[in-house]
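S.K.: Here is what each chain is made of, one letter per residue.
Number of protein chains: 2
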Amino acid sequence: MPATDVLVAFSPSGRQGRVPHDTSLLEAARKLGVDLDSVCGGRGLCGRCQVEIGEGDFAKFGIHSSIKHITPDLAAEQKYAKQKDLKPGRRLACHARILDDIVVDVPPESQVHRQVIRKRAEVRSINLDPVLRLYAVDVPKPDIAVPSGDAERLIQSLDQIWGLHDLSIDPAVLSECASALRAGNWTVTVAVRDGTRIVGVRPGFTDRAFGLAIDIGSTTLAVHLVNLADGEVAATSSAMNPQIRFGEDLMSRVSWAMSNEQGGAEMTTAVRQTVDDLIGQAVADADILREDIYEAVIVCNPIMHHLFLGLDPGPLGVAPFALAVDGALRLPANHLDLDLATAAEAYFLPCIAGHVGADAAAMILSETPHERDEVTLLVDVGTNAELVLGNRQRLLAASSPTGPAFEGAQISCGQRAAPGAIERVRIDPDSLAPRFRIIGCDQWSDEPGFQEAMKSTGITGICGSGIIEAVAQMALCGIVSPDGAFQTGDDKNFVLWPGQPEIAITQADVRAVQLAKGALYAGAKLLMDLFGVEKVDRIVLAGAFGSHIDPVHAMALGMIPDCDPALVSTAGNAAGTGARIALLNATARTEIEAVVKRVEKIETAVAPSFQAWFVDALAIPHASDDYPELRKIMSMPLLKKSASRAKQRCREGSKNRTELQ
Amino acid sequence: MPATDVLVAFSPSGRQGRVPHDTSLLEAARKLGVDLDSVCGGRGLCGRCQVEIGEGDFAKFGIHSSIKHITPDLAAEQKYAKQKDLKPGRRLACHARILDDIVVDVPPESQVHRQVIRKRAEVRSINLDPVLRLYAVDVPKPDIAVPSGDAERLIQSLDQIWGLHDLSIDPAVLSECASALRAGNWTVTVAVRDGTRIVGVRPGFTDRAFGLAIDIGSTTLAVHLVNLADGEVAATSSAMNPQIRFGEDLMSRVSWAMSNEQGGAEMTTAVRQTVDDLIGQAVADADILREDIYEAVIVCNPIMHHLFLGLDPGPLGVAPFALAVDGALRLPANHLDLDLATAAEAYFLPCIAGHVGADAAAMILSETPHERDEVTLLVDVGTNAELVLGNRQRLLAASSPTGPAFEGAQISCGQRAAPGAIERVRIDPDSLAPRFRIIGCDQWSDEPGFQEAMKSTGITGICGSGIIEAVAQMALCGIVSPDGAFQTGDDKNFVLWPGQPEIAITQADVRAVQLAKGALYAGAKLLMDLFGVEKVDRIVLAGAFGSHIDPVHAMALGMIPDCDPALVSTAGNAAGTGARIALLNATARTEIEAVVKRVEKIETAVAPSFQAWFVDALAIPHASDDYPELRKIMSMPLLKKSASRAKQRCREGSKNRTELQ
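Residue numbers (our numbering), protein chains in the order written: chain A, 452 to 1112; chain B, 452 to 1112.
It is worth saying that the hints were derived from the structure and are not from the lab.
Mixed in with the good hints there might be a few duds.
Identical chains share a label here; the pair holds if one copy fits it or two copies do between them.
[To be verified] Using 30 angstroms as the maximum straight-line C-alpha spacing, the simulated DSS-like pairs for lysine-lysine come out as follows: (1) 535 with 519; (2) 1048 with 592; (3) 530 with 482; (4) 519 with 533; (5) 1052 with 592.
Only chain A is shown next, with the shape it has when bound in the complex:
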């Protein structure tokens, strides 16, 4: 009866309308299409529907008082407030009922599609809207007079109570459905995927629904356990990729698969087992159950992708580098030997090309070049650098065979980034004395306390970021010429640390770095060429390794194209972040699938100009004068030191000058 209707207005949405007196705030919100969350469906258990009652005068709504126009909090709310800490002024919308005209504030965390804020200011927040949601529901008991299956009555109840039409149920959860209904005395919480399919049934009320963002690198495996309710990472675990014992780099693993009958299967089993172990660790850390995990998003390069899926990686080892499949995939997680909820599903982001994988797709999702006008260059530095260039008009992608130098392999004193590894290098332009920092020690090598601080780790070698800085600094100081040749006569080793072991840079090391950075630079220039730009507006260095590179040194070395250093950033694990986005936002999946389809795939191996760019890019450049920070480094007079002074710092190395192959 309209006479007893009251006016209710919700902020910040501004939605308002009349509802019958004594309607609950949750019902009113649903009726008016307000984005207000609830899992328990009004039981006062989940606390997702918390709202604040507007105080004061809301003349714009025609409402002049709110605070007393609501029922007082009774048992259920008081119980929730006591057990789960309801902030003062907050009410559970499912229990508070409207007595008179009222204004209600829905705080951000009570919205279904709330934002998950990311740490880096330059990237967009994640709009929380996962493929999977929970719904608590009461189901009628079976009735002999109206025979109907448990599953069918559940589906009917979800339709009536939650408005979920045309649901189906995964046959794999029929058994848990029947037992949960009885264990929960005909109240259950249901996990629904895509708004269409029941994929989990738990007795009573629960708000535990988790997902996994899994990053399968050639070297490192990382598992992030994410709470689908708030998007937060509940636990992270990581381990070395156990496939390393079959081959250090990707191509040697492909060779192993091709030369051993069960080689591929062995590697598949090994990596799946380790990932499942990592899931076990994460689950233990977060104190949840494996069955609370319903979704997994997996990112990896194409060879890891094929091996994890149990597909033959052989064709990826030779031209034309054919993928068995490039599109996104959804499949039951137990097909991948992952022990999660019965009907848990794994989602693989699409691969871009034979050398540009789902990890690159995830990097696009995280860094959103396709949503910007400026031209972004994304670089995932690894044995194969994956490059993406473009903006909202056009995107190009390629991979560049940098080789393993940046990972510390094929460098005389090289090693992986680990405690004891030299990661930062500076050389005094006058004395040519080097100083450095090692991982696990805060002091530079020339600072007081270094000798003491380094004892726990020792100085064990030099990792990729250290090599880049060492060679860049050597060029800046004239120890090597722009063409990479040592200017120190026959003794070609530049010693960074004269201890045991001695850590030095050899001529061969410089050549390896030149090859690696030349390939990366040539790949970037090829894409810029094809895109038709001379300069990029923004560079993002991604990947575990990319994040440790100092952008200025990378530019000084000529590893990446010139760019305002302020607009060169490191994205950390962009692939992992992309996986998390695809986990938390269903639309992001369709978005990246569409974007990848329109990415232009460039194969450097058959692009004629790549070779030309590569030869040009071998030189260690005079950096451009455009950027003050770069100029500061560049202002150090190149080659001003005599060859003889440089020689003092060098010891005998390889006698023969190593030529570029």
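Knowing the structure of chain A, use the given hints to seat chain B on it.
M.R.: Frame of chain A; chain B shown alone:
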């Protein structure tokens, strides 16, 4: 160019139109929407597109000669004709090209949606249109310049060549896809389910695609291997249900599951293993491979349904007899431990209610009461009789607790139908001398040669159909009164065979038969009552046992309602036939799912009138006079023999008259 177009007309469809000169008949058929099959896509391999060129004058089409208006058969057709026997006058439409106006006959077996004729005239043919079809296709090799996954190129080719839009591929077959493409040198045959999903990829051309119709009875398991190309049964295998060792009847199996922790799982494993073994036998018999089987349709009663699916049958053992699920189910066959093609799928027909299973649904599909105006009563006789009554307006279903008497259990000399069992009984109304026939022997017991012929089996007992006839005949001859009481004084056994062992019918046996037939009759009358009919127009006795019952004796006994004997038929394994229909025709699945939803489920246990009907139905009736055949039997003067003469034929039995409980 219209100038060079020629007129082509296809019969029997009557479709006609103009196509360019030198178009192949297959292309012309596709262009004109003619239903002409092809798997190999024009390679001259599958022979599915055979047509005949019309001869003579086709004035109605405006065509006056046909036979020479086609290219002569060249190498490919000659090769096919030689290797696979092409009938004279037949041409392969994919190779014969049109030179001038022509009339083409498409024989029934060349139509995609051809009919599979069934043996029984009263039931409809099966329209061949399975959920799965094969398509041969050439796929472009991978091209380094245009990177694309193997699966994506395959999907694209199927779109271009076969017009299959928006296909997806089951991730489980990605591995076989990549290897088949290479093994087949980029020609493969693809299995597509529902016209939407690739579920199998085989190298080169193959036309092998099979399905299974699986009938899981409490007692017997049967597997029918069906060629999806022509609908024919290629092999059948059957075995006893190994669950019998956990309990003879359904309820004792439910008890086993409830009283043993792993009881349900044990029975699930046992039945799945035996079904998989039966598949192995069928595959061997038909000389195909397990991977040639893409589909399985499974029918069974609700308890078998739950146990095969690994669902707890416990709730089905007590009121309200709740099913975990009643709708049709599709799930991967390997979830049921069936070793078939990688992405093979199992389809369960819907259950109707807690006691009326997918077998009853299959019976409806086979016997089509819902497509007729006359009122049909379908009876599947078993420990629980499943009853369906109705017509196109309305369908009712119920089950009736007949108990195991009709299966020979709880009968003193009862046994299962097996060689040596008495299956037919006649009693001379004057002499009261019985004669009978046993399974495995063609002669009646009073015919010459019987003594010799029976030696191989012996006379071991009496099976269900024999019991029905014995009791009916005993009533007709006055050995028992209409209320079932022996008329022979104290000696209550009626001896059929005085050998070793002696085969006799006891008073207790008669009581057991009365209870069983009373329950069945009461169920039928309850449904007739609710439907509002006094008489049914047609009765179908289904099930392995139902098929052995003589309808006239069943009516004389009062087991089924009166009906013109000419309209009482036995349907054999109607459930198995229904499964085969669901296997061969996709539409039949949606049809039966919709029909089952509108079936009114009647629970006899809570229907007040059931008890009344049951008490009434215990009497052995004077059959109605409506039907001559029945009258012939009924004309034998009831009770005309004296009790003393009957007594001669009887021996001492149970001393106390067994009362109905």
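S.K.: Look at each hint and say if it fits the structure.
M.R.: Quick rundown of the hints versus the structure:
Within a single copy, residue 535 and residue 519 get their C-alpha atoms as close as 24 angstroms, which meets the 30 angstroms cut-off; across copies the closest is 89 angstroms, which misses it. Taking the shortest Cα distances, residue 1048 and residue 592 sit within 30 angstroms of each other only across copies (19 angstroms), while inside one copy they are farther apart (49 angstroms). In this assembly of identical chains, the alpha carbons of residue 530 and residue 482 lie at most 30 angstroms apart only when taken from the same copy (27 angstroms versus 72 angstroms across copies). With identical chains, the CA atoms of residue 519 and residue 533 are at most 30 angstroms apart within one copy only, with a shortest distance of 22 angstroms there and 94 angstroms across copies.
In the homo-oligomer, the alpha carbons of residue 1052 and residue 592 lie at most 30 angstroms apart only across protomers (17 angstroms), although the nearest pairing inside one protomer, at 57 angstroms, exceeds that limit.
Hint compliance for this structure: every hint is met.
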